[in-house]
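Starting from the given sequences, assemble the full structure and let the hints guide the process.
For the protein sequence lines, the chains are A and S, in the order given. Mapping to our numbering: the first sequence position 293 is 293, numbers consecutive. For any residue, its number in our numbering is found by taking its place in the second sequence, counting from 1, and adding 1000.
In short, the hints are calculated from the structure, not lab data. The structure displayed is predicted, hence computed values, not measured ones. Where hints are given, some of them may not hold.
[Claimed, not checked] Derived BS3-like pairs: lysine-lysine, alpha-carbon spacing no greater than 27 Å straight-line: (1) Lys178(A) / Lys120(A); (2) Lys1051(S) / Lys23(A); (3) Lys61(A) / Lys263(A); (4) Lys195(A) / Lys205(A); (5) Lys268(A) / Lys248(A); (6) Lys1040(S) / Lys153(A); (7) Lys115(A) / Lys155(A); (8) Lys223(A) / Lys1040(S); (9) Lys46(A) / Lys268(A).
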Amino acid sequence: MPAKRTILAALTLTLLSGATAQKATTVRLGFFPNLTHAPALIGIEKGYFKAAFGNTKLETKDFVSGTTLTEAFAAGQIDIGYVGPGPAINAAARGMPVQVIANAANAGAVLIARKDAGIKTFKDLAGKKVAVPSLGNTQDISLRHLLVENGLKTKDAGGNVTITPVAPADVAAAFASKQIDATLVPEPWGALLQKQGHVLVGDEKTIWRGGDYPTAVVIVNAKFAQENPNLVQAFLKAHLQAITLLSKNPPAAQLAVSAQLQKLTNQKVDPRVLQLALKRTKFTADLNLDAFREYGDLNKEAGYARTLPDFSTLVNLAPLKSARGK
Amino acid sequence: MTTVLPATPARPKRGRALLWQALGLLLILVAWYVATDVLKLYPPYVFPSPKAVWQEISYGLWGSGPQDGKLLLSIGNSLRRVAIGYAVAVALGLGVGLLLATWRGLRDTVGAYLTGIQSVPSIAFVPFAILFFGLNERAVLFVVILEGFIPVALAVSGALLNVPPAWRVAGRTLGSRGLPFTLNVMVPASLPHIVGGLRTAWSFAWRALVGGELLTANPGLGQQLEVGRNTGSVALVLATIIIIGIIGGVFDAVIRVIEARIRRNYGLEVMA
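Right, dumping it as structure tokens:
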């Protein structure tokens, strides 16, 4: 009996002490090998995250889209993730325990038209087939807004513009076989297509809000954040460090991004493409709250969600503030 | 010996089966409700409640919001596609089946391959179809036809080859030759088997359609699944799965009724 009690007491003690400091022994970080996720790429390549976490292990997982990342998040396999504002808002609207703790990148998406499609302005998209990485994602929402702004309607709303999901990596092939006429893609895909001779119709600034809108944010599992405030704090410091490198030393940042991309995708990205793509993406941890909220409205307008999440619980910038404080 | 007649008419029996089916459905719904709404075994974003799924179905079928009515549109698109694909598959299957039955060399070569192709899941052909036809409806139709025509062809050739020799001999002895022989002896003799093949072909075609739509960018039920997935809406995914199941089941039941009637007319349905 006494032995049993001691074990119980010891167990309670460890549980209690765990609750006060930190519970996790591993941080599982999710991101995509896209340029808007450059802070993640740099943080991994330069070892910023590893250094910040100390004894806590870092596990990184790269995903192809917000869809797969959100799925992993729902299944409890991701603690911290880089994702577009669209999937973040959708996840929150479905009741997932997601919290946005910082911004990662603004703009960094462009509208490219096939060179022989005869599209020069947004208005020329009438009657055309436009690709987005996936339905309901950040670029899809931006495109739908762009169409409305230009007095155009999608086919499902009784108009004549067809929005079709095509993975950015497959756009070049779809252009070659004239399956699609234009695409709204995140970088570096935009710069890559442009280098292949396709036409830049809308740059990062003309798509929306003069480029001052988030395209990648940092999300964290709310339960994880509550139990491991120190780890979240440490992560944010490394995140800020990566963003500082991107703004203070672009050549070094570009090298790190290129090295990490090559490790992940087994492909060497042309340095000139990377340079152009990086120039069109603005990296900042500051979240434009108005633009972020408006994504929610646009998402609802597009019919992808019926309810808006509670933004006051979805966004929590307090840890970012204190990470900057020191 | 007197003629054996069924002791009870078939109708009340069918009624009882329906009752059991309804009861089973009710049981599933109750278990589902208890697991989600009462016990809350899973968070709603992993396994939603029956109510949430019903809401998605009702929005999708008769809602009036921005994406509402999408389900109805998707059902229409999918049905149109499967109708075209199935019709072509049946026509092609009948022709190929007839050739296989009459031509031994073809049966030993192509016939063997057909069974092999049939064992490849339809979704495996989608990437090829997309590359070959592009991101359009033809890619989906290709997969539907490919999956649909093989069971028909195999059933037709099998049925024709399995016509009892005695019937053939009887037909020939009575002086039937050529087309009348085929129409009056061979076709009626193999009909029950062929209808079975048509039913298999339907379920293959329907599955191939949803798989094809899932991977290509065409609005339809498969694409609805993808939208649900992209926007983290498990309720929409489940709602679409249910609709796919209902449509598949209803069509299967219709063909089954026709099949049963034919089998009964042929004295193949043994009633106890």
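Each hint, compared with the structure:
Under the criterion of a C-alpha separation no larger than 27 Å, the hint pairing Lys178(A) with Lys120(A) is consistent with the structure, at around 17 Å. With a C-alpha separation of about 36 Å, the suggested pairing of Lys1051(S) with Lys23(A) is violated against the 27 Å cut-off. A distance of roughly 13 Å separates the Cα atoms of Lys61(A) and Lys263(A); the hinted pair therefore holds under the 27 Å criterion. Simply put, Lys195(A) and Lys205(A) have alpha-carbon atoms about 19 Å apart, close enough for the 27 Å limit, and the pair holds.
For the hint pairing Lys268(A) with Lys248(A), the CA-to-CA distance comes to about 24 Å; that is within 27 Å, so the pair holds. A hinted pair counts as satisfied when its Cα atoms are at most 27 Å apart, and Lys1040(S) with Lys153(A) does not qualify at roughly 41 Å. As the CA atoms of Lys115(A) and Lys155(A) are separated by approximately 23 Å, the hinted pair is consistent with the 27 Å bound. Under the criterion of a C-alpha separation no larger than 27 Å, the hint pairing Lys223(A) with Lys1040(S) is consistent with the structure, at around 18 Å.
Taking the CA atoms of Lys46(A) and Lys268(A), the gap is about 18 Å. The hint holds against a cut of 27 Å.
Comparing the model with each earlier hint shows violations of hints 2 and 6; every other hint is respected.
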